[in-house]
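Line by line, the protein sequences give chains E, H and G.
For the first sequence, position 13 matches number 13 in the numbering used here, and the numbering has no gaps at all.
For the second sequence, position 47 matches number 47 in the numbering used here, and the numbering has no gaps at all.
For the third sequence, position 140 matches number 140 in the numbering used here, and the numbering has no gaps at all.
For the record, the hints were derived by calculation from the structure and aren't laboratory data.
What you are looking at is a predicted structure, and each value in this text was computed from that prediction instead of being measured.
We put the beta carbon where it would ideally sit given N, CA and C, even for glycine.
Careful, some of the hints might be misleading.
Which stretches of chain H does chain E cover? Using the computed rule of at least three CB atoms under 8 Å from a CB of chain E, they are [unchecked claim]: (1) 146-154; (2) 233-245; (3) 273-279; (4) 283-291; (5) 294-303.
Heads up, simulated SDA-like pairs for lysine to any residue below, C-alpha to C-alpha not over 25 Å straight-line [stated by the list, open to error]: (6) H:Lys127 to H:Ala39; (7) H:Lys127 to E:Leu317; (8) E:Lys41 to G:Asp368; (9) G:Lys247 to H:Ile293; (10) H:Lys127 to E:Thr147; (11) E:Lys41 to E:Gln206; (12) E:Lys303 to H:Ile293; (13) G:Lys247 to E:Leu256; (14) H:Lys127 to E:Lys41; (15) H:Lys127 to E:Ile306.
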Amino acid sequence: MSAVVGARPVRRRRLSTTAIVYLVLVAVVALSAVLVTAAGKSFFTAGNLAAILTLMSILGFVAIGQTLVILAGSLDLSVPYVVSTASIVGAGIMAQGTAGILPGVVAALAVSALIGLANGLIVTRLRVHGFIATLGVGLIISGWLGTSFQGSFGSAPPEFRTIGATLIAGVPLSTIIMLACAGLAALMLHRTRLGHHLYAVGGSAQVARLSGVRTQVPVVVAHVLCSTLAGLAGLLLLARTSVGSPTIGSQGGYDLMSIAAVVLGGTLLSGGVGSVLGTIGGVAIFAVLDNVMSVLEVNPFLKDFIRGAVIVVAVALYAWRSIQRRPPRFRKEAGA
Amino acid sequence: MTAVAVQPSLGRRFVAGLGTPSGAVFLLLVALLVAVVVANPNFADPNQLVRFLARTAPIAIAAIGQFFVIVSGEFDLSMGAVIATQVVIAGNVIGQDEAMILPGIALMLLVGVVVGVVNGLLTTVAKVPSFIVTLGMMLALYGFVRFLTGGAATGNPVDSFREIGRGLLLDTIPYPVIMLIVVGAAAWALMRAPYGQTLLAVGDNPVTARLSGTRTVVVKTSAFVLSALAATVAGILLVGYAGVHPSIGQGYEFQAITAVVLGGAVLGGGRGWVLSAAAGAISLELLFTLLNIAGIDATWRPTVQGAIIIAAVALGGVAWRAARKPSAPAAAARAEDPDPAPPSKTTTPPITTTTGEQ
Amino acid sequence: MRHTRKGLVVAALGAAIVLAACSTDGSVDPSANPDTGTEQPAETQASGEWFDQAVYDEQFEQRSATFEGDPETPWLQYIDGEMTDTAEWATDEPMRACFANASISNPWRQTGFITMQQQAEALTESGVLASMEVRDAGDDDNTQIADIDYFISQGDCDAFIISPNSTAALTPAVERACETGRPVIVFDRGVDTDCATSFIHPIGGYAWGIDTAEFLIDNLDEGSNIVALRILPGVDVLEHRWAAAEKLLTEAGMNVEDHFTGADPTEIKSIITDALSAGDVDGIWMDAGDGAVAAIEAFEDAGAELPVITGEDEMSFLRAWQERDITALGPVYSNFQWRTPLLALEMIANGEPVPTEWVLPQVPVTEDDRDALIEANEGMPDGHYARFGGEDLPGFPDAWQNR
């Protein structure tokens, strides 16, 4: 129970950070609209909004999972290779046709979950830092992918591909699934004991242990969910590209970009504080930024520079804000 | 006074040191070296050996730089981008003009210092996690340099500059080896100096370090500067060794972190021995050479690298935790019996605290 | 506690519903996207099997084929074959071209993209083009698919130019572009569909492999040791080069070992150094030339005799070849192909037919024309490609020199 009570004030503080994230998002959207209009193009067209939402959906899946892992005080650098593995496994099984869709999806997610289980057990049982554990697992998988698969592999039947190409009321189906996953993750974090424990363990594993939380369980679960979500991202990429690819995950740079998106969404990299809602905001900021840079035909090299600068400046702003606000909050809480 | 106490124990300390992860990497290095020589007897030729050492010098130096940052409790992901930047500066600023060599090197060192200071201040003053700071720095540097140059430098810098990475002193010892020895000695001296102790203290327990009057900002920032300077030196050696190319330096940050971890430094700071980081880098290269001689596809390298860092950290964690306990012999014994040890050790706390479950 | 457990059940149920939603949606409504159904999922290419005898034979012949058009403008030459009728797109209005580029992440693509921009400028002057909107996918299939879909949805592209990041993954998106009814031009790497108005490419990877392998076989004795330096596995244009070369070299009784280098000169130098420490190396085969200098330097540093080597028409290699006077060949993956898509648009605007598969010449640099090429490209950076074919464009030579 103590963990649940302990999570409450944390959430109240977090809400304000999330609000800032969305204010930043609104500002970015407004600025983008102005810039795009100034360039003689239009920002708010159905096509452009669909492009932004599609861009969001894949990084979104990975970032939701990354949020869970980071909240639990760990990190996942293996996601790009899980994404590729899921696309390969899915495509390999679906190559037999429509009958392969369900087994393909199940197998891809199961393999992903197993990788997550391995990550989680290495972190908790072998007590290897999440950074090294997932870097190592990622490298192990990438060696296997690089050796066993050269070029594309398998294929997805047309029925499966519709997931990647269907719009519902102008919103890509993939985005809707992603937002549903975000909703479920948020529900898990805020409405279940597991979620509260996750915050507690990420905040301070020692305190959590002393207050009777089984500290290993939330970490393992977070890793399993993270990899499963990365697997979903891989399946979605399979639906979009129609073939499995051993490099599709690393092409997108989903490891570092998802961590950046999570932090951009106001979650603390050290764990314990943050939200899925904020992460979605962070992902959206990235997507809008990328979109506007593409529309304005910004030099591809300059894009990287801008991305890097935005990440650091935004996180510095959050950090600066929390330093500024710390004294009054303590006084208020002491009074209450 | 202390000398009397230290002298006799030096030998014993050396032997005991081999039992710690930072010491064990030297045993690993020797074992790998023997294996490589057995597989390819030509390798034992002193000429071949120094050449091999010369080509591992850049990554070993980068690992030494990364060590300072890791031991202070942070990460430096911007190393590869710093190397790439320096390579481009060498190509475009020095170019074919010998008179530009010294100004060029000065500029490179300056860029290194600036990158390190920015990384350090953003981490310590702006309180942004170093992972994010150096990730941002990596993206920004790669992007900016390529934007300015349209992708790559115009061409290789003048040959006399490239001698630093390519040439031999007195036709026998490659300059990179000398550079590695100098950097290694300097790093060793630095870690023996009060600075090194402060750095370890900051990494081990920042709160206590701050309370006892350590200027965390200065100490950590200097670690980032050392890291960026190490990357700069690595860049100078690499542009000499291999020439200008956009792919130079890519992945060096993770390679260096792997080497440091293999050398027994604990992520999160506070532990490790700086020369073990260099030994870790050389071991990794030896291992890759061994795989190559054994005819194993290079595509398997990441797998080997991944398995090794997980094993190194898992075993190292056990050994360090054991070393903290009073009975050192028992700890050493446990470290040699890796597999059963970690689970039995780590499962104990949860079992005792299951009262709160269900 | 009860409250939280209920939450878990809700979460699990929700997950099940979402999963069910995904799987039913696809099977219930495949007609939502009729086009994707037309193509068979046949291209389940097994890994590692890159050699295709038929294509090999075809490219073997094409090396000595007659090319239509003026040899002075090789970017307009093509092998006689099927033509696409373009009368329906003939127009006097300047066209808005939309270019989905895979990336400009290597010197070859950087050189080509400069040529393309210069060509676009020239065609804008002459009133053929109104604009060329470029989207760069940064080597990511998913981004390039989104880029193409964006072009389609914005609806203001008179023509699509696509340089695919990978073959199979981009096929559905290219098909969607074709369905707009506008001309679609694909160049460099191909896609698994022939819906494009024109697919522009030099002869191909097998021809590269044949040219280089024949050169090594002619200049080396049987049983010579050859080290092959390859960039990375899984890219078709590169795999075909090696598939052909490996076949010929092995058949000729050469001892070949191949390595992946990631095009990193550090890696290249290490590999050669290791190979030299294990024994003699007589020949070097490369699937791209931009690390060739590092390979040559590895021989020099080891004090070994310089090998017979095949590189590329990259300036650093040509210069090193000239300085050292080694036995070498500079195979070419014609960089001037970056001009051709825009020139094809000009033909389309004029209503002239364009080759459906536009095979451009691909002539290796030999010792005979090396010096002339180096002279013609004086002042160009090391990462420049000698057969870039932009000498007659207005920005020459500044645009290529000051990158």
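Evaluation of the provided hints:
Coverage of a stretch by a chain is defined here by at least three residues with a beta carbon nearer than 8 Å to that chain's beta carbons; for the segment 146-154 of chain H and chain E the count is 3, and the condition holds. Residue count for the segment 233-245 of chain H with a Cβ under 8 Å from a Cβ of chain E: 0. That is fewer than the three needed, and the coverage hint is violated. For the segment 273-279 of chain H, the stated coverage by chain E is violated: 0 residues have a C-beta nearer than 8 Å to a C-beta of that chain, whereas at least 3 were required. Figure legend: the segment 283-291 of chain H, annotated as covered by chain E; annotation inconsistent (0 residues with Cβ-Cβ distances under 8 Å, at least 3 required).
With 6 residues having a beta carbon nearer than 8 Å to a beta carbon of chain E, the segment 294-303 of chain H meets the requirement of three or more and the stated coverage holds. Note on lysine 127 of chain H and alanine 39 of chain H: the hinted pairing is violated, with a Cα-Cα distance of about 50 Å set against a maximum of 25 Å. Restraint check for lysine 127 of chain H and leucine 317 of chain E: satisfied, since their Cα atoms lie roughly 10 Å apart, inside the 25 Å limit. Straight-line distance between C-alpha atoms of lysine 41 of chain E and aspartate 368 of chain G comes to about 52 Å, which puts the hinted pair past the 25 Å bound.
Between lysine 247 of chain G and isoleucine 293 of chain H the CA atoms are separated by roughly 24 Å; this keeps the pair inside 25 Å, and the hint holds. Simply put, lysine 127 of chain H and threonine 147 of chain E have alpha-carbon atoms about 41 Å apart, too far for the 25 Å limit, and the pair is violated. Between lysine 41 of chain E and glutamine 206 of chain E, the direct Cα distance comes to roughly 55 Å. Violation of the 25 Å bound is thereby established for this hinted pair. Of the supplied pair hints, the one linking lysine 303 of chain E and isoleucine 293 of chain H is violated, its CA atoms being roughly 42 Å apart against a limit of 25 Å.
At most 25 Å may separate the alpha-carbon atoms for a hinted pair to count; lysine 247 of chain G and leucine 256 of chain E exceed this at roughly 41 Å. Taken as a hint, the lysine 127 of chain H and lysine 41 of chain E pair is broken in the structure, with Cα atoms around 39 Å apart against an allowance of 25 Å. Pair hint lysine 127 of chain H plus isoleucine 306 of chain E holds up; C-alpha atoms about 21 Å apart against a cutoff of 25 Å.
The structure does not agree with the numbered hints 2, 3, 4, 6, 8, 10, 11, 12, 13 and 14 stated previously, though it agrees with the rest.
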